[in-house]
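Asks: Chains W and H, in that order, give the protein sequences.
With the first letter of the first sequence counted as 1, position 232 gets the number 232 in the numbering used here; the numbers rise by one all the way through.
With the first letter of the second sequence counted as 1, position 261 gets the number 261 in the numbering used here; the numbers rise by one all the way through.
No lab work stands behind these hints, which were simulated from the structure alone.
Among these hints, one or two may not hold up.
A few chain H positions that, by computed beta-carbon distances, are all more than 10 angstroms from chain W [what the hints assert, rightly or not]: (1) Ala62; (2) Ile107; (3) Pro138; (4) Ser139; (5) Leu148; (6) Gln213; (7) Glu266; (8) Asn313.
Capping the alpha-carbon separation at 20 angstroms, the derived lysine to aspartate or glutamate pairs in EDC-like fashion look like this [as the list claims (entries may be wrong)]: (9) Lys287(W) <-> Asp27(H); (10) Lys140(W) <-> Glu252(W); (11) Lys287(W) <-> Glu292(H); (12) Lys24(H) <-> Asp179(W); (13) Lys140(W) <-> Glu292(H); (14) Lys287(W) <-> Glu251(W).
Covered stretches of chain W, as calculated for chain H (at least 3 residues, CB under 8 angstroms) [to be verified]: (15) 16-25; (16) 31-42.
All C-beta atoms in this analysis are idealised placements derived from N, C-alpha and C, irrespective of residue type, glycine included.
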Amino acid sequence: MSEAAIPDPAAPLTPSGNLRRRQLVSRLAELAATAAAVIAVAALAIVIYTVVARGAGAIDLDFIFTGYPTGVGPMLLGTIVIALVATLMAMPVGVLIALFLTEYAGSRASGPLRLTLDLLNGLPSIILGLFVFALLVDHKQQSGFAGAVALAIIELPLIARGSQEVLMLVPQGLREASDALGVARWRSVLTVVLPTALGGIVTATVLAVARAAGETAPLILATSVFDPKGFSVNPFEAMPNVPVWIYKLSEEGNPEGFTEAWGMSLLLVSFILFASLGARALLARSKRKLSS
Amino acid sequence: MSTVSPTAAAQVSGRGRRMSPLRKRLDLVGDRVLFGVCTLAALLAAAIIVLVGYQIVHGASAAISKFGFAFVYETTWQPNFGVFGAGSLLFGTAVTSAFALLLGAPIAIAIGLFLTLLAPRGVRSVVGPLVELLAAIPSVILGFWGLLVLGPFVQAYVEPTLHNTLGFLPIFGTPETTGLSVFTASLILTLMVIPIIASISRDLFQSVPAELQDGARALGATRWEVVRGVVLPTTSSGVVAACLLGLGRALGEAIAVSQVIGAGSELQSSLFRSGDTLASRIALQFPGALTELHKASLFYCGVILLVIGLASNLIAQAIGRRFSYQGATAR
């Protein structure tokens, strides 16, 4: 037994050597992970700050309610109409697909269908633009309807998957109780299952609309040659819309146009942020209610 | 049918009696109709995919028969002479997506780790949704921001710094004067890729059994060693799938890229020069395309994009499915 082997009992308990290095590495990794989160949140904050700071000055009543060059009313109206038409097409189909997945499909049918929905969700939006161009615009004319079809395809998988998640949370006991009372399947689906899940389905739809409202790529091919002065609610002609107008103004490189584009960006971003934040909160609430 | 009077119906459906035949028949029809309509909706989803594929290939048929497979690697793109080749676009797509993934994936995975292992509950419930909101910002606005804010910043500070310190590497060549470059486009794509990978990997990391992590901690592993030894190995294939989904997003982004990439059409080794991708070329040139061949060539770009996009998605799904299957059996 040599003297050196006995540690000094009064020495403070700090790690040394290998352990110290390992703890340092761990500490650095923690710092790096935190930094990554800070980077992402900072990027979001900078983008939103820029949009608010540069766009707020452009917005007043004239900006919202009059046409070009004083305002962007036609674009706002057009985007609302296009999104509305798209949702009217996508929502019924999406909910029916969700019903098929939860009420009818066995595991053999639901696997491929889910894969189809995922692939649909992964399609680049410019491809959908080419698709509606070939289907509805080529040799005819541009139309808000063509744009709405593309947006509906974007919304479809989102609505279907969102509704499916909520429908799966509807307690099996409700369906069984309905069956036990001798209620036909379709009646119990329409009067028991769907009403229970309605809140969740609506919020899933709102999320899908928030995603589709800012899509630009398909609209550039479907409805980009329009008159920015005229209010139009006819979806069978080219309709003014916000995303394409922002895109055009950004390509033009004219400072006044930039201000206008920032103003529209602010309107669009605030709609999307409020809709998706609100819908998320509601969705979480209705899921909690269903699963408790 | 019309002969059933209200009183008769009331009698038949009276207490203790069997269900009226009318109602029974209605239920039979109703069941079939609802099932049929749901099946039709499901088939419609599959039909859309097929129809999209058909229309894109059909639109490209003129270019396919004229240029054949050589279109994929030829680099000349001269609409005025009717000569088209997507080689440089494919190159630009590969470079921007790869760069975005190289930069974005580590950050996103780190965010996933931060959210599952480090952040206190309060921070987690704020930062998680904020990162996902990054995905909700429309690409046209992100591109517009990139054009007016990020581009000039990158051009003034980032590119000169990188060029002066790492300029011996050909990818950090002399900066251009506009800030519109492959580099800026990659940065914008990075911002789009991060939320996708981050939210998927967060869900993956949450699924790692707590017993495994506790076991490692009990053996004296540090937090980082738990991540390296337990969390990442058990989720690695899922993380790869998440990266592939992010890649699919980056490949197909047209608008934001077309706003900041500067629409060059030569093969460049430097990231600081302008370039173009398949998707952004379609967005930039399609509205002004005059000849049918030009349009067909842009459709051909769409075919390439569709094939790559579907492939990366399918591979990601296959990996993800295998992963979840393994996870299910392990439990």
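Asks: Take the hints in turn and mark each one as holding or not.
Replies: Hint by hint, here is what the structure shows:
1. Ala62: holds (12 angstroms)
2. Ile107: The claim is violated: Ile107(H) sits with its nearest Cβ about 4 angstroms from chain W, within 10 angstroms.
3. Pro138: violated (3 angstroms)
4. Ser139: Since the minimum Cβ distance to chain W is about 7 angstroms, Ser139(H) lies within 10 angstroms and the statement is violated.
5. Leu148: violated (7 angstroms)
6. Gln213: holds (14 angstroms)
7. Glu266: Answer for Glu266(H): holds, closest chain W Cβ roughly 21 angstroms.
8. Asn313: Non-interface label fails for Asn313(H): nearest chain W Cβ at 4 angstroms, not farther than 10 angstroms.
9. Lys287(W) <-> Asp27(H): Distance of about 31 angstroms is beyond 20 angstroms: violated.
10. Lys140(W) <-> Glu252(W): Given that 20 angstroms is the threshold and the Cα spacing comes to 27 angstroms, the pair is violated.
11. Lys287(W) <-> Glu292(H): violated (51 angstroms)
12. Lys24(H) <-> Asp179(W): Holds, because 15 angstroms separates the two Cα atoms, which is no more than 20 angstroms.
13. Lys140(W) <-> Glu292(H): Given pair Lys140(W), Glu292(H) holds - Cα atoms ~15 angstroms apart, limit 20 angstroms.
14. Lys287(W) <-> Glu251(W): With a Cα-Cα distance of about 43 angstroms, the restraint between Lys287(W) and Glu251(W) is violated, given a limit of 20 angstroms.
15. 16-25: n = 3 at 8 angstroms, threshold three: holds.
16. 31-42: Coverage by chain H holds for the stretch 31-42 of chain W (9 residues, Cβ < 8 angstroms).
When held up to the earlier numbered hints, the structure conflicts with 2, 3, 4, 5, 8, 9, 10, 11 and 14 and fits the remainder.
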